[in-house]
Amino acid sequence: MSDVLLVMEEIDKSFPGVRALDQARFELRAGEVHALIGENGAGKSTLMKVLAGVYSKDGGRIIYQGKEVDIPNPRVAQDLGISMIHQELNLMPHLTLAQNVFVGREPRQGVRFMLDEKQLNAQTQALFDSMRLRLDPRTRVANLTVATQQMVEIAKALSFNSKILIMDEPTAALTEAEIEELFRIIRELRAKGVGIVYISHRLEELKQISDRITVMRDGRYVGTEDAAAIPIERIISMMVGRTIYESAPEVPEHPSEEIVLEARNLNRGNVIRDVSFKLKKGEILGFAGLMGAGRTEVARAVFGADPLDSGEIYVHGKKANIKHPRDAVRYGIGYLSEDRKRYGLAVGLDVEANIVLAAFEKFLGKLGVVNSNKTRETGKYYVETLAIKTPSIQQRVKNLSGGNQQKVVIGKWLTADTDVLIFDEPTRGIDVGAKSEIYHLLNQLTQEGKSIIMISSELPEILRMSHRIMVMCEGRITGELTAAEATQERIMTYATQRRVLMAENGASGDPGVQEV
Amino acid sequence: MTTTENTTTTTPAKRSIFRSEAAQKLLAFGALIVIFVFFSLASPFFLTKDNVIGILLATAVNGVLALGVTFVIITAGIDLSVGTVMTLAAMTTAVSIAVWHLPIPLGILVGLLTGMLAGAINGVVIARMKIPPFVATLGMMMIARGLALVIPAAIFGSVRPVYFSDSPLFGQIMMGSVIGALIPNLPVPNAVLILFGAALVAAFLLAKTVFGRYTVAIGSNEEATRLSGINVANWKTMVYAVGGLFSGLAGVMIASRLNSAQPGLGAGYELDAIAAVVIGGTSLSGGEGTILGTLIGAFIISTLTNGLRILGVPQEWQFVITGVIVILAVYLDILRRRAR
Ligand SMILES: Nc1ncnc2c1ncn2[C@@H]1O[C@H](COP(=O)(O)OP(=O)(O)OP(=O)(O)O)[C@@H](O)[C@H]1O
Ligand SMILES: [Mg+2]
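In order, the protein sequences belong to chains Z and P.
Taking this note's numbering, the leading residue of the first sequence gets 1, the next gets one more, and so forth.
Taking this note's numbering, the leading residue of the second sequence gets 1001, the next gets one more, and so forth.
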């Protein structure tokens, strides 16, 4: 029986209008991986932020290594040996990887205030090597994708050599292989006696990696179970307080043959290479591939967010001139970004404002004045339909839990009345219940005649939802599969079809990546 | 499928010459050269030794102010008080030396500390009381302007300039020429040396010290910096204090240059300083900026003013043209960013 490292008891935390934690409890042993799960907004991140010194608790006790402790700020948490990887990326884009990893703990040169950049880079390189990450410590974070940034955050958290490591949805942006690598690291740490808190919505992962599971609901403690013993269905019903029947994977009905969107020979540097595809009316077209395959880049280019070097886009058979997202919206194309904080939401505004933002003209009255009754109704409607957990539609989006923010983005594009919707990782960070709601919603949208491009790194999701699947690798389309033909193996084969010869003469232009 | 393959796969981004950090400096530097060549061709009086030295001298005070503002703007803040704090520092220095007859070095120290104190107060108001930088420094701008008037009024019974009549040495700080003493043909005033010296110190602070690192970190992502366990409030206060210190130095410089402290002077200097910083490629949204860029920005402004004056362009139009240049410079910067 391993010893108890941490006990959190009767923790209360309220935000204006929200009781985020209500007598919450949590216990962690040394050398265990303890999964913390619950629906979006259940209070997982809040509980862990209390532990990491980000929020101060309103009530309750934290007993760490047998002593009651007070953790007023992140510095104190670090000094106690508690570090946290936050759900939302928290890096400084203008600094290099090394500068980010060791920010606050920079090696000094002789005098106290002088930085030792060489030593800093060397330490970071050593850290990356130990994680088998092939990144150049001197790259600026701004040049990296979300997935790579996530790995850097993990590296940063590891560099503290903490006794408690909290990971808030670390795998949300990672590929299978990266997840494997992360699990290897987690197991190593566990063997060294580190206590690990692991928050995730990917229930399949839990059995693989965790020893115990604690479930939270509505800010309250529901129960703690041995991961090995408990069946997934039981976990789910603990989470939602009812039983959800996962509807059987449905291959939706065949769409019409009418083509709403066509891309011909799109090119952009070496990230998009000669990409062509057609999207039919009422179809869900899945885009599969590994992280960095160029799927997001294609979506952004079609949406006018990035310029193309060459290629043409046709909307309803007519050549479309899309230079800017505004043009795309005019052509009826909506894009739900994978990085919602950066591109998808005005986080300082409230839920209602975000939902109506992309379709503001719809809510203008005769004199150009906003019809606030209408915006309020629309806001309320989507909060209900999408089951967005928020105290009111006046809540600022930045105060919502991660999963609920994602739902707000979806609501926004649904309001905008687009007929082509590009969903980039639509269910990332979303709990099981909400996930099946979103799937249901996607199917409903296609039945209404809308067409959907769905980029997803989760193969089961791609397989379950798509009529057709385009597979990308290194900026190219390497395969097209119908729903009937598609299997995980087939997709993976295409997704790893690298052009070896091309790769040799420096196919990757990312400055942060050393070619293997 | 191996792990390494995957963890390294990141999106290749388009590289362009516009994107590199050096390019911004090149861009501003290029602009400076173009302006120089233009005026040299337009007027035979422009590219003369005396005139170039004049430009260097004219840059000194604004340049030093801009150095301080650079740090503040990199944190995504703003400092509107640098101009009047400069005047206040000039006033305290003048009172110390000319009225209280303190030794010159001590008087200089009083000026520097005045600036630093004003900056530190800005910092506390912004970082602790959470007043937005624009408002906090606007307030300080008015306070400092008022104090610069109150001090002579309290001492002499009326608002009037304070002259350094008994300490002729004080004027030599700016207008004497150490270089000229060594190389007789090159009477570059000390003011220029002070500017470059201050720039070296600033560049060192920004690039090589913990202070500079956190300045950039705060501007890049304040929340992330806080979550990394850094005491953001303290470092921000330091940033404004350092900004104030540079204003204090500028105050000593302008007092020496004018051989007096002029209580009414100073308003408007902050705008020139901010313009220099912005032309130099420092982003108002924080996280980015260089000292070299600011220096070049300051030179662009003073070269323009000088050249236009030589061409006989009326002062009213000089303002208009400088304004257009500021907007153009920032627009170029935006284009550069978009080229990513
Ligand atoms: N800073 C804040 N201000 C106001 N409300 C907040 C704040 N942070 C969280 N909340 C609210 O507290 C509740 C719990 O949020 P929390 O982020 O802990 O959920 P979570 O379990 O991590 O959910 P998810 O799985 O979606 O990340 C939510 O209702 C959320 O809206
Ligand atoms: Mg969360």
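Just so you know, the hints here were simulated from the structure itself, not pulled from any lab data.
Ideal Cβ placement from N, Cα and C applies to all residues, glycine included.
Just so you know, not all the hints are guaranteed correct.
As the list claims (entries may be wrong) - The list that follows gives simulated cross-link-like pairs (lysine-lysine, DSS-like), each with its CA atoms no further than 30 Å apart: (1) Z:K362 - Z:K374; (2) Z:K398 - P:K1130; (3) Z:K207 - Z:K389; (4) Z:K389 - Z:K362; (5) Z:K67 - Z:K118; (6) Z:K118 - P:K1208.
What the hints assert, rightly or not - Example chain Z residues on the side facing chain P (calculated, C-beta under 7 Å, incomplete): (7) M92; (8) H94; (9) P107; (10) F113; (11) L357; (12) L441.
Hints, verified against the model:
For the given pair, K362 (chain Z) sits about 9 Å from K374 (chain Z) by alpha-carbon distance, which is consistent with the 30 Å threshold. Note on K398 (chain Z) and K1130 (chain P): the hinted pairing holds, with a Cα-Cα distance of about 19 Å set against a maximum of 30 Å. The straight-line distance between the Cα atoms of K207 (chain Z) and K389 (chain Z) is roughly 28 Å, inside the 30 Å bound, and the hint therefore holds. Taking the CA atoms of K389 (chain Z) and K362 (chain Z), the gap is about 25 Å. The hint holds against a cut of 30 Å.
This hinted pair does not check out: K67 (chain Z) and K118 (chain Z) have alpha carbons roughly 39 Å apart, beyond 30 Å. Simply put, K118 (chain Z) and K1208 (chain P) have alpha-carbon atoms about 11 Å apart, close enough for the 30 Å limit, and the pair holds. Satisfaction of the interface hint for M92 (chain Z) is found here, the shortest Cβ-Cβ separation to chain P being roughly 4 Å, below the 7 Å cut-off. Nearest Cβ of chain P to the Cβ of H94 (chain Z): about 4 Å, under the 7 Å cut. The hint holds.
Among the interface hints, the one on P107 (chain Z) is violated; its C-beta lies about 11 Å from the nearest C-beta in chain P, farther than the 7 Å criterion. Taken as an interface hint, F113 (chain Z) checks out: its beta carbon lies about 5 Å from the nearest beta carbon of chain P, inside 7 Å. About 21 Å separates the beta-carbon of L357 (chain Z) from the nearest beta-carbon of chain P, more than 7 Å, and the hint is not met. A hinted interface residue such as L441 (chain Z) counts as satisfied when its beta carbon comes closer than 7 Å to some beta carbon of chain P; here the least separation is about 29 Å, so the hint is violated.
The structure fails to meet hints 5, 9, 11, 12 from the earlier list, while all remaining hints are met.
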